[in-house]
Structure formats: structure tokens, C-alpha cells
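Chains as they are written, first to last, in the working numbering: chain A, 1 to 724; chain B, 725 to 1419.
Please keep in mind that the hints were generated in silico from the structure rather than gathered at the bench. Ideal Cβ positions, reconstructed from N, Cα and C, are used throughout, including at glycine. Where hints are given, some of them may not hold.
Unchecked claim - Below, simulated DSSO-like cross-link-like pairs (lysine-lysine); rule was C-alpha separation at most 30 Å, straight line:
#1 A:Lys-57 / A:Lys-88
#2 A:Lys-421 / B:Lys-1084
#3 B:Lys-1083 / A:Lys-469
#4 A:Lys-421 / B:Lys-1107
#5 A:Lys-661 / B:Lys-851
#6 B:Lys-1084 / A:Lys-335
#7 A:Lys-88 / A:Lys-136
#8 A:Lys-533 / B:Lys-931
#9 A:Lys-459 / B:Lys-1083
#10 A:Lys-335 / A:Lys-288
#11 B:Lys-930 / A:Lys-291
#12 B:Lys-1083 / A:Lys-335
What the hints assert, rightly or not - Have a look at the derived ranges for each label pair, beta carbon to beta carbon:
#13 A:Val-621 / B:Asp-1245: 26 to 36 Å
#14 A:Gly-595 / B:Gln-992: 32 to 42 Å
#15 A:Asn-701 / B:Ser-1330: 35 to 45 Å
#16 A:Ser-662 / B:Glu-845: 33 to 43 Å
Said to hold, decoys possible - Chain A regions said to be covered by chain B (calculated; three or more residues, Cβ under 8 Å):
#17 327 to 334
#18 349 to 355
#19 359 to 365
#20 459 to 466
#21 587 to 596
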Amino acid sequence: MTVRDLILALAVAAPIVAAPSEKPKLSFVKDIVPIFTKSGCANSNCHGSIRGQAGFKLSLFGYEPDLDYDAIVKAQDGRRINRTDPAKSLILMKPTFSTPHGGGERFNVASLEYEAILDWIKDGATYDSAGSPRLKTIRVTPEEVTLVSLGSKQQLSISGTYTDGSTEDITRKVQYSANDESVLDVSPNGEISAKRAGETAIMVRTLGKAVAARIAVIETPPMKDYPQVSRNNFIDELVFSKLKRVNIVPSALSSDREFVRRIYLDTIGLLPTLDESARFLASPDPQKRAKLIDELTDRPEFAEVWATRFSDLLRVGLYDQRSKGGRLMYSWLRKAMLEDKPYNQFATELLTASGNLYFNPTSNFYYITEFSEPDNIATNVSQVFLGVRIECARCHNHPWEKWTQEDFWGFAAFFGRMGVKDTYENDESEITLKPAGEVISPKTKKRVDPKYLDGANEKEQLDEDVREKLATWITAPENPWFARAIVNRVFKHYMGRGIVEPLDDFRVTNPPTNEALLDALARDFVAHGYHLKHTIRLILNSRAYQLSSVPNDTNRADTLNYSRYYVRRLLAEELIDSMSAVTGVTESIPGYMPGTRAMTIPQGAPTYFLQTFGRLKAREVICERDNSPDVAQAMHLISGQTIQNQITGKDGTLDRWLADKSLTDEEITRRLFMATLVHPPTDREIAQVIAAVQGGGANANARRQAFEDVLWTIFNSKAFTFNH
Amino acid sequence: MRTVGVVVWCLFLLAAGVRGDANLPDLGPMVISVFPLGARQAETLDVEILGRNLDGTRDITFARPDIQAQVLSSSFFSVKARISVGPKAPVGLHDYRLRTPRGTHVGVFHVGSLPRLNEVEPNNDLKHAQTIVLPVMVDGVVENDDYDVFRFHAEAGQTLVFDVMATRAGSRLDSTIMILDERGAELDFIDDYYIHKDPYLSFAVKKTGDYFVRVAAATEPIATLLDGSRYSSYRLVAGAVPHMLHVLPAGARRGATSEIRIAGLNLQNVDRVILGESLAEGKVVASAADSLTVRMSVPATLAPGRYPLRAFAGSFEAPLQIQMVVSDLEEKLATPARSRGNPQSITFPVALSGVFDQKKARDFFAFDVRAGERLVFDVDSMKLGFLDDPLVAVYTPDGKLLASHDDRLQQNGDEPPNLDSYLVYTFEKAGRYIAMIRDCAERGNPNYVYRLAIYPGQPDFDLKSLTPELTLFRGRTVPLPVRVRRFGGWSTPVEVWVENLPRGVTSEKMTAEPKDTIVKDNCALDRQLDGTNVDLPLHIAADAPAGDYSIRLHARGVMDGKLVEHTAEILYWWEHVGKVTGAVEEQKLIATVTDLPAVVFESPESLPVAPGKVARLRVQVRRYDDGKSPLRIEPENPVEGVKFENNELAPGVVTAELKLTASGSFKPGWFKLRSGSSVSPPIELKVKTSQEDEQ
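Work out the full structure: start from the sequences and follow the hints.
Structure follows, in C-alpha cells:
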């Protein structure tokens, strides 16, 4: 089969192309450019990089065929094309490795790709005529499929729709890649084969368009006797129905002890006190979990946890010298959470903020760069509020999404009038709105009008702050990203994984693991007035959240579908605040009043402990905390000064208990276990503690030391350092 | 503390350099802090004044006779004084002048109306909070890493006012206020409220009980001194006291009776409002907790300017004041007219008061002008103590921008800025035009008050002495910094000169060209001042008699054939009084004639020394002799157990690094260095701690 035959064959399959009697002329845009995309030549690590490679630059993934044409045919005096002897063209000799090529062989001389390019050169190496159709959309079929059993296969089919309305099967012209290659393989022609149980997406792209197919792999056919699982709300409906589809049985409901420890840490960043856990455990009220959720989410500490979360996201205190502004912004965030300020209002206030950094808390939102450049702001706003990364499109069209440079700079133009003015003191700045301002596209060198992402252009009118229109568009119920992005963040906070991961990378090629759930959460959030507390309570009341963290045989490997509570290491603030609350030993954080809880520190990581456990000194980029355990953390828990101070500090809870003659050693042991792990010690544990305590004889110091050892052991246990 | 010392020296050296002649030292007294920052009416108390060059303080005199001070003792670093405040001394800041043989210093001292107490350490956390009973004034010092925590009782329904006076009274402290509940949970927090970083908040008590108020420094790493030090004094005013937030209109016409409306808190019992010290009496015609309506007649003889508005409930005076303008203009309220299409019609001259009460608030005014008419659009807002940053613009009715103005004096890394707008515009064509005023950053707040005066521009200028104090060294020429500011389109040079000079001191006239001075800010960017700076040279003869002399400044210019002459207004020397700005209470510029020492030392305040080890003492030396011979530096008196070496300085060398070796028997204490008849500031010899060893 020749290339022309192949094209003819495909043309027959597609109803609206030229009649077979006419020998179709190869199109540079439709037929040649995709070869470079599919062969990887136009990738970002090759000639598609911003500076090209070895003097040859292609547009990234064939986004800009006109530029590619110039690069291939015209650049360097046209030396890449040999019209006299087309087979000697560099554009063929390099990828076939007939001449030295840093990228090695991309296709061979017997390949259809080779033949296509050769024929195109022989035909005159022309560009498509003006007005010739361009690829508009691509579609993958099936979009979602479950493969049963390892080794099973599925052919994907890709169709392209052109600007003239015609469609074409382009299955063999596109590039495929699996987001998780351990789950399945995908061939260059779009055939997938299952490797292990799990889920992933196959990304399909060509000519600047990209789509994804969601693929699940299960090892055995669906269970016939899948157990009935009770459901508390629609979250359970959607989580459990997905679990059933992928053959996973959820873990059992968590015990009251598990639940009370977990819910305190997740909502207020602290362990329950002995009184609090005792009251909850003793209550026979069937509604006690729901009531506790309401109570905790009304506490100021709940607002502080979220103020810290948002401080991470909004990069509060990015600049040390702006720490006053950071403190103000933290206070504003805390207050917003206390008031349960509707999130659309919250976002609007930030998006339309201005004023002195030290007097107007929200203006600090814009102080992520020293001069508040529109392009930096655009990147930040899209990532924070839409969960969309458009930054790639600052320099080139986005490789895995539809965003073009025009989209990026149009979005940036919403912030064209923003400026920074020094005001009252040397170190004070004010975010202002200049009387006039504009954004110039680096590509066209022309003024850019504001343009909504995936939307229309906007014009700024006299006496208008166009950011208000942007805020209206962003927070509108119909905005495809706004509500979904925030419910996804909230969901991850409590469930351990976002429905879309990473949280700020919503794109067609990174589909949600449970789209119905994400949509339902977003719809519900909007319907309930954008109140975060409503969504948080909904999640916490779901059975899915309240599942045990103990896996069963079916869900041990599951990390996507919320079939159990995913254990997580406590945040730095949760760890130290919980330790201090248990021991009653005041923790001193430099620069803060003695006794200040770490969760209420607006910015920075003023102690080694906080740094070691992942709190950022400067929130330089939007990213999530690195919450993975490491050796430094282990060493610090074993022998660090912080834990020593906490254990040996005087006038704390331990001293009080030891001085209380009515408390036996056994009772003190019970209290220590309950205060830290919320479960009583086993008889064996009690016996071991008593033996250690009594080993010191009547010596009070030895008794104290023995209990210090108990505390040390608990603080070093996973049962303490993890939420489960 | 070491860092704080360095910063203090930086301030000191900066002050010395800014005077114009960097070669001359500033040996005049410099006050860095006063503790307590003030007194209560009818109170006598002892205060400690900290600073530099305070030794030999002769007296401290207040601008008002009912505040008296007696110097108890003085040293290079401090003065102890007893201050007696008369029962009728008005609440507010009052000027004092501290006099030494080498110069004078004008500073401020606060007088309050509430019971007063000093903070008592330790009160660093909730467990050790100091109990106070409201209402109260608490005077304290926020040391480095210090938190002053006070426990108080409050009743449900009360509205409590918390106000920390620090920078407004010359303190360097950048303070914050936090309110906490009994469990220690934060209920409210404020950092900067007033323009120069002082905080204020009101707290509506929902539940009867005990609460905490915490005063602390703001965490601001680049401004170490502001982060708390022994110089960081403050005054906390706390209680359910009457408190005025703003007045509308923000001005009153002299020779007329006008009705003004005051917004505030706890105003229900206020029965009397007066302007300044009984300059105008206001009759309360209606009162509520959050507002007062007052009818006030302003005498025609009262000079135009800004005056404090004072409120009384019986004999009790509200502890804080607001400012009000007196002028000859008709005072009106902005309607408000928020739309360009529906502006408020006005005729000028007029002063319009309004509030940017919500985000994006902007007021539009329509007026008619004749061809060639020049109008001034003069805004008061920051000058009245409000935090908005006004921007004024003039448009044609169809929206074409003709002119706009933002700040009269942007921050330049030097003196405090003035963000109020001042626009002069000459209309080419007769017709109707639109003026618009808004906050530069389009912010809104119920207390973002502005007063926009619109009047025909009469060319004029003013003259300001940038300092009320000056040290004149015999045999030298000392510059006197003044500024000429032009108004209403004044565009010709202005001649400036000094009068009433003492015997042996001469000067010459200088000319201020009609061009604003450009200075470089901290980032080396050009910043335009709101006028022309001129250094008037004062030549002091070697035999000029020593002493203090009051001298006067004048300026004269001619424009459009009209001769205009003014005397100078004397301003605080802001480097010496922190963020206290404006005119000094007693309009006197005192020049002190004295001798310049042959050698001036700049030495550290202390030196840690370890017994048996060598310590190095680095001293900067400025020589005012011929500088040709080597300089020998020795302790003024022998220091027991300490050997001084490497103490001879070659000609031209400006840094001495003395080698000190302390024996095991050396005694910590103070000493001075001497070279000839010149002596250094005192230096404290301390035993080095192990912590300092590590550093």
C-alpha cells in the first residue's frame, strides 16, 4: 500500500472528501505536519522546543503549520528541501538517519511517513491553498472503556472535523500516550492493551488539538455478589457506583474512635481533648457524627485550617518584606472562613482588589510579583480560581490543551491597567489601577483586547474596571472550571486525593477520575450559594469519608476511587499543635507570642520543625505541600529539640497528672493513649509501661522519665503521626 | 540589641547627612524615645528620654505654659525629667523643646484624659497578662520579641475603642493590636490603621466576660528598629469612650454658622464639641451612639487652616481627636453623584466633602468656566488623617480626559509623602466641564473622606523651614534647609533670605527657581518633591557669641507684576521626630551657636569583652582640625584591668580599630575615648557572654 493508497483508503472511509477518481494532492497541513507530531519531531524536547533544536524549529505539536512550512521549505535558503532530487532532502535524510541526526531514526525509508513526505516534495512542496480546511476538533472513540482481564485489547478510533465541516479518520495520524504507562500500553496506531488493574487516560493529539480516552482495567469480571453498601448522600451514590463498576468493595465504616480522631484533625487541625473524645464516645445519639461535624466546622480553628490552606494557594507572604501584608491577608482569609463567605464573593473580592498592601488585605493577592505584571497575574488567576494551567501558552501554544498564545495574552489583558505604586513608607506598595494600560502580544507586537478563556473578547469602557467583568465571568454558575476547581480542592483536603490531579491541571487530556461526582459536587456547591462549609459538611457526612482506612482484599491497591480513607501524614502545623495540646507545654515560635499555635502563623516556617515537616519558607510557586515522610523528619522526631522540649517541658499536663495522687500509673497511661491515639492501651501495653515506671523504684524523676519515654514512643509512632 | 544599636546609629548618621553639609556632624540633641509617651491632665510624672547627645540638657520647655518640665538628670544617652500637666491642658500632642549647649530638639508629648498606668513585665503571654480596668491609658515599651498582654473585663453591648499611639507621637514602634477571647482565640487584629502604621480598632462586645488585648510589634524584618526595642514606647487608649471617626463637611467657613455631622462610636453622651482650644464652640443638636449633629459658628477672625475637633461628655474629653479645615470657601456635601452622566452641578469657589464609601466610588461635578479661566482642584484627605489616596481628573462632558493629578508628594524614601491631589488647569474654551474624584486604587471605606476645594487659581507660594532647630558651628558654614512651594500657577523665581541673625552670623539671599526639586529615592529612581528645596548658607564667624537665637525666614517673588512676600512656617524636623509632620506649635526656629570639636567620634554603644582575650573596638573618626598630625586615642580615664593598644591613627585614616585586652580582674562599666580635648560618646564595656562568642 502506498501513501496515496492509504490516503485514498481513509478518504473512502470519510464521506466528505474528494472523489476516489481524483488523485488527491497531499496537504501540508493535513498530511505532512501530523507526521512530525506523531514522530515526536515537534515535541517540546526536540524541534518543538521554544528555541528549536540544532537550528531547526518546528511549532510545538504542529500548532502553527504556516511557521512549520517556512521552517521546512524556506529557512536557510531552502536547503531542507531538494527539489532536484527529493530523496536527498534533509527533511527526509535526517529522520531516517541517512545522515547524522541527534534525534536518531524517527521513521525508515520504507515507511508511509517517508513516502508521504517524498511525494509531497515531488508534487512541488507546496503549502495548502488559501482557505483550505484546517483541523477544528478531534474525537476519540470510545471515550471511556473498561477492559476486563489483563492483556485484553481495545482499538481507539480518532476522527477529525475540519473547518469546512468535513470529517476524516485520522487514527493513524495522531500521537498517543498513556498518562500512566504502568496500567496499559498504547501502540502508535491506537491499540491499547491492559497491563495491570487500574485507571488511566490515553492522550491523543495532533495539529494542536488534544483529547483523551479514559480507560479502566479490571482483572476479573464484575462481581455477582457485590455487597450492598448504605449511602448517606449523593457522594456515596457516585463513589460507590464507580467502585462497583471497577470491582472494588469499600472498606467498612470507621469506628467511633477512628472517626473522632480523624474528624478533629481534618477539620480543626488538633486532636480531641480527653473530655471531647470521651463525650463523643459515650454518646448514644445516632446523629452524633453529624452533630460533631457541625460543631467542629463552626469553631475558629476550622477557619484557621482553611486560612492556612488558602495561604498556601494564594502564596501569602511570598516576599519576606511584605510580611505585614501577609499577616493581614491571613486575617482576611480567616475571617472569610469564619463568616463562611460565599466563594464567588471571596473570589470577586480578590480579583477586584487594589490598594495599599498594609491597609487592604486583599490587595496582597496581586503581590505575587514585584511589579504585578499582567502575564504573571493571568497565570496565577487561572491556576488559583480555574485550576487551569495556561502558562505554557505565554511563549507557545499549549502542548496538551487548546490554549494559544492569543488566549493567554488576551486573558492577561484583563490586568493591563494594574500597577504598583510606592506610597506611605519606603517599604509600602499600593496596587493601583492606572488611568490607562495595555498588554502587547509578544508575537504580534500589537495591543491585545481582554479575552475570556475559551470565550469572547471584551472591551474596557470609560470609568470601568474590566476586572469586574472578569470576576463575573469566572464566578458565573456556568463557568466550566470555577466551581469544579474549588470543590476538587476541598474534596482532596478531606478525601486525600483530588478527583482531578494535580488540582490545578484541569484539561481535556487529564480527565477526572469520577466526572459525575465532580459535576454533582460543583452543581450542588453552586446551588447552595457557593458556601464552602456546606460542601465540606456534605463530604464529611458521606459514608465515603467515614470509611475505615483498613483495606480489604479488593481495595488494597486502590488510590483513585475513595474505597477507603487514605491515610495521610499530619501537616507540620497539625503535628506540633497536637503535641503541644497534649503535653500542655507552651511552644515558642520565634516572632510570635509564646503559645501561638502553628496553624495560626500566616507565613513562613520560623522553626526547623515546621520546615522539616513541609511548611514552606516562601510560597514561591503554586504547588501543594510535600507531605511525604522522609529521614530528616524521622530523625527530628527521634532526637530533635522540639520533641525533647515537648516531652521534658515542665509545668505541663504530665507534671499535673504525676502530681495528682488520685491518678494511678495505669490511669496516666490510659490518658496518654487516649489523648494522643484516641484508643486505650492494650493490657500488654499497660503492663510494659507499668514495668518501666516501676523499674525506677520510688524515684519521682525516674517515674517522670518513664512516662516521658512513653510519650516519646507514641509521638514516634505512625499511629500518632498519621491521620487514619 | 546589637542590630538595634546599628539602626539607631544609622538614623543618627542619616540625620546628620541630610542637613546638606555631610562634613559637619550633628551634635544637637536627638530624642529617639520618651517613656511614658505622655501624661494625663493634672498629672505630674517622671519620664525617661532616650537618644543621643543629651548630656548637659539645660531645660525642657513646653510651648504651652500649663505644661512644665524639670530636668532631673542627663547623660549622653538619656534625660530624666519631671513633667507636670495642668488640669486644663487640652488632650493631644504638645511640643517641647529640649535644650543642650550644642543645640535644641523639638519633640511631642501626649496629654490624655483617661486614667493612666504603666505596663508591668512580665506580661508576655496569656498566662501572665496584666489586668487592666477600662477605660484606661497604658504606657508601655515593646522590646524585641516582646508581647504586652492585658486582661480586661467587658460587658455585652459595649463598643470598645483600642488605639495605640506610637508613630503619631514620635515613637519608632510599628505596633499591632490583637483582641483575644478567654481561651486565647483571636477575635480581631489590626496592624496599620493610621497612615504611619499606628493601629486602631473598635470591638463590639457580644458576650460579657474577660478578654485580652495584646500590643506587639509588627513583624517586618527589614525595619529592625520598628520590630521592638527599648526605644519602642507606645500609649494604648482603651475603653468604651466617645470616639470620633470623621466629620462632614470636613471644613467650616469662617464667619459663618454651619451644621456638621460627626460619625463615631459611643457619642450618645457627648454634649459639647469645640474647635481647637475653644476657638469655636459647637452646639450638639442631635446625638446618637454613632453620630452627632453639631451647629458651629466659626469666628471670622480665625486664621484659615486645619484644627482639631474635640468632643466632651460633661467634663470628660474624648481621648482622640479629628481634624477639620477652616477656610473662606462655601462648604458643601457631595450629593454623592456617582455617575458621569448625572454629575452634581456646582459653582465655584466651593469646597465639597464626600466619602469613598464603597469600592469604585467616584464623584462627578459639573461646572461652567470662561475661556482662559484657571482653576485649582485642591484635595484634603491624607492631611486630615484619612487613608484614601485621592485622584482628581478633569474631563470634557463627552469623557475626554483633559488633566489628572494623583499625589502631591510621592514617597521618596526620605520624608513622609503627601498623597493628596492638587491640580491646576487652565481651560482654553468656555463651557461646561466635569471634575471627577476617586480613590487611586478604587477602594471604599465609610471613613475615606475627602474635601475637594475648587477655586480660581491665584498664583502664590509658601515658604517652609524644614527644621525648627539648627546648630551653628563657629568658623563654619551651615546650610539651613527650606522649601518653596508654588500654588495656583506661580511660575517665577522666589527669593529667600534669613533675618534676625545673631552677631557674627551672616547669610545671603538665595533663589528658588520655579521647578520642583528631584531627589533619588532608595531605588535610585527620580522622585519629585512638592516644591523647591533651597539650602540657605549661614556663615558663622569664629568669634560669634555662643547661645540660642531665634531667627526668621522670608521669601519674596513677583508674578504678573504683583509682589508677594511670606514668612516661613516652621516644620518639625521629621528625621528627629519620626513620623510627626506639619508645623511646630511654637513657630520658632532656634539656632544654637557653638564650637565644633577638633575630633568627633562615632563609636558603638557597647563592647563585649572576654577576660584574657583581645577585643577590637572600631571607631569612626571625623577630624575638624587640620588633620595633618597623627591622632592618639586613649581612654578618658584609665579603665581598670584593660589595656588599650593600636590607638594611634595616621593622618587621613578615618577608622580606628583599637585593641583591648582585658585581664581577669577587669570591671565592666562605662568609659569614653579622648583625643586632645575631644571625647567620644560613652561606651559600655561588658563581659562577653558565651552566646556572643558563638556569634
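Mind listing which of the numbered hints don't hold for this structure, in increasing order?
Structure breaks hint 7 only.
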